[in-house]
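There are 2 protein chains.
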Amino acid sequence: MIKKSADRKRDPIPSQAKRVFRGKIFEVWQWPQKMYDGTLHIFERLKRPDTVQVIAVAGDKILVQSQKQPDRKQAFTSLPGGRCNHRENPLVAAKRELREETGYESNDWLLWKQHSPMGKIEWIIFTYLARSCIFKQRPRLDSGEKIKNRLISFKDFLNLAEDKNFFDPQLVITLLRAKHDRRKKAGLYKLLFKKHI
Amino acid sequence: MIKKSADRKRDPIPSQAKRVFRGKIFEVWQWPQKMYDGTLHIFERLKRPDTVQVIAVAGDKILVQSQKQPDRKQAFTSLPGGRCNHRENPLVAAKRELREETGYESNDWLLWKQHSPMGKIEWIIFTYLARSCIFKQRPRLDSGEKIKNRLISFKDFLNLAEDKNFFDPQLVITLLRAKHDRRKKAGLYKLLFKKHI
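These protein sequences, in sequence, are chains A and B. For the first sequence, the residue numbers in my numbering are 1 to 197. For the second sequence, the residue numbers in my numbering are 1 to 197.
In case anyone wonders, no lab produced these hints; they're calculated from the structure. Any given hint could be a false lead.
Since the list gives no way to pick one copy over another, a pair counts as held whenever it fits inside one copy or between any two copies.
[To be verified] Straight-line alpha carbon distances no greater than 16 Å define the calculated EDC-like cross-link-like pairs of lysine to aspartate or glutamate that follow:
hint : residue 1 : residue 2
1    : K120      : E27
2    : K185      : D142
3    : K34       : E145
4    : K120      : D142
5    : K34       : D71
6    : K68       : D37
7    : K146      : D37
8    : K68       : D11
9    : K184      : E162
Just so you know, these numbers come straight off a predicted model, no measurement behind them.
Make a model of the complete structure from these sequences and hints.
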């Protein structure tokens, strides 16, 4: 059920590349790249842990967050989610982040999209659908999170495309297409709520 | 003429941050960040040179490229543009890139949008309009570029939103909005061609 448009594979870092720096989040990799005139140049790309986000459906509503982080002045709108831990499977990470950040759980998970936002960074954002979510416990936020969760209607979910504090351009594109195409809108509704709009 | 939505400032790297690595393109910066519970964690962000791209209008057409790069298997669709050299003013870089990659020049430049695609990277993409472009000389490509330029109609420009090999989500959002809103479409046409659609 991964959309073709979001499924394109970016070129991986070549096998002869060497890691020249390992930071807290980012690794820097370099390799000698043969150019079109036969000369060699040092090329550079990054790796970072993959991230997950969850479109969590509870009843006829969708969970979204208003989030603050210690190094950012302004609150922003987001979906539940975060970074995968080292070697953590993305689905496991998605379930963990949803539980920790919202207290909701689901038994109905679907990998909806995966996307590499930047050619120069080996990094995938996995977007999962968690349908029929049920509230189980209070959220347990870590020391770098201030999160307010709220449940919004499908209409307000489509209107995230107009939210100036929502910074996921790929989802904005998907929402805009759904807003302006009745069939796409109905398809997205069916996918989220498992019934016809 | 910078659109408000694209003008938001991302938080800068704090002044107490230290550069811990300097690569070919990316610099890595770290600082101790106070968390909401008072503890300190090392936070990390990157810097990279700003980039420019140009919507170049010649007659009633717009210049787009099919581009190959030595480390990428597939050709992709792009606008003329590239990285700013060290301390190079973005407008100067935009004029240089347009001339080098296409051979076109213009006397009518406008900074249309500036955008920071990623919160964790201090990096701006400047999008310029170059109107009334005139072909002056053959392109001079560097050893890491294979570029085919072509002139497309305004309609085909809007349809870049559907091009699976065009990877600028911010421009896709702008084009989608113009496609589905007659006033926005007319405004974009007027801005590019300086006459009514």
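Evaluation of the provided hints:
1. K120 x E27: For K120 and E27, the Cα distance is within 16 Å both inside one copy (12 Å) and across copies (13 Å).
2. K185 x D142: neither (36 Å within a copy, 45 Å between copies)
3. K34 x E145: Intra 44 Å, inter 12 Å, cutoff 16 Å: inter-copy only.
4. K120 x D142: Neither, since 30 Å and 19 Å both go past 16 Å.
5. K34 x D71: Classified as between: cross-chain Cα gap 8 Å, same-chain 40 Å, threshold 16 Å.
6. K68 x D37: between (49 Å within a copy, 14 Å between copies)
7. K146 x D37: between (52 Å within a copy, 11 Å between copies)
8. K68 x D11: between (34 Å within a copy, 13 Å between copies)
9. K184 x E162: Answer is between; shortest inter-copy Cα gap is 15 Å, intra-copy 18 Å.
In summary, the structure is inconsistent with hints 2, 4 from the numbered list given earlier, while agreeing with the others.
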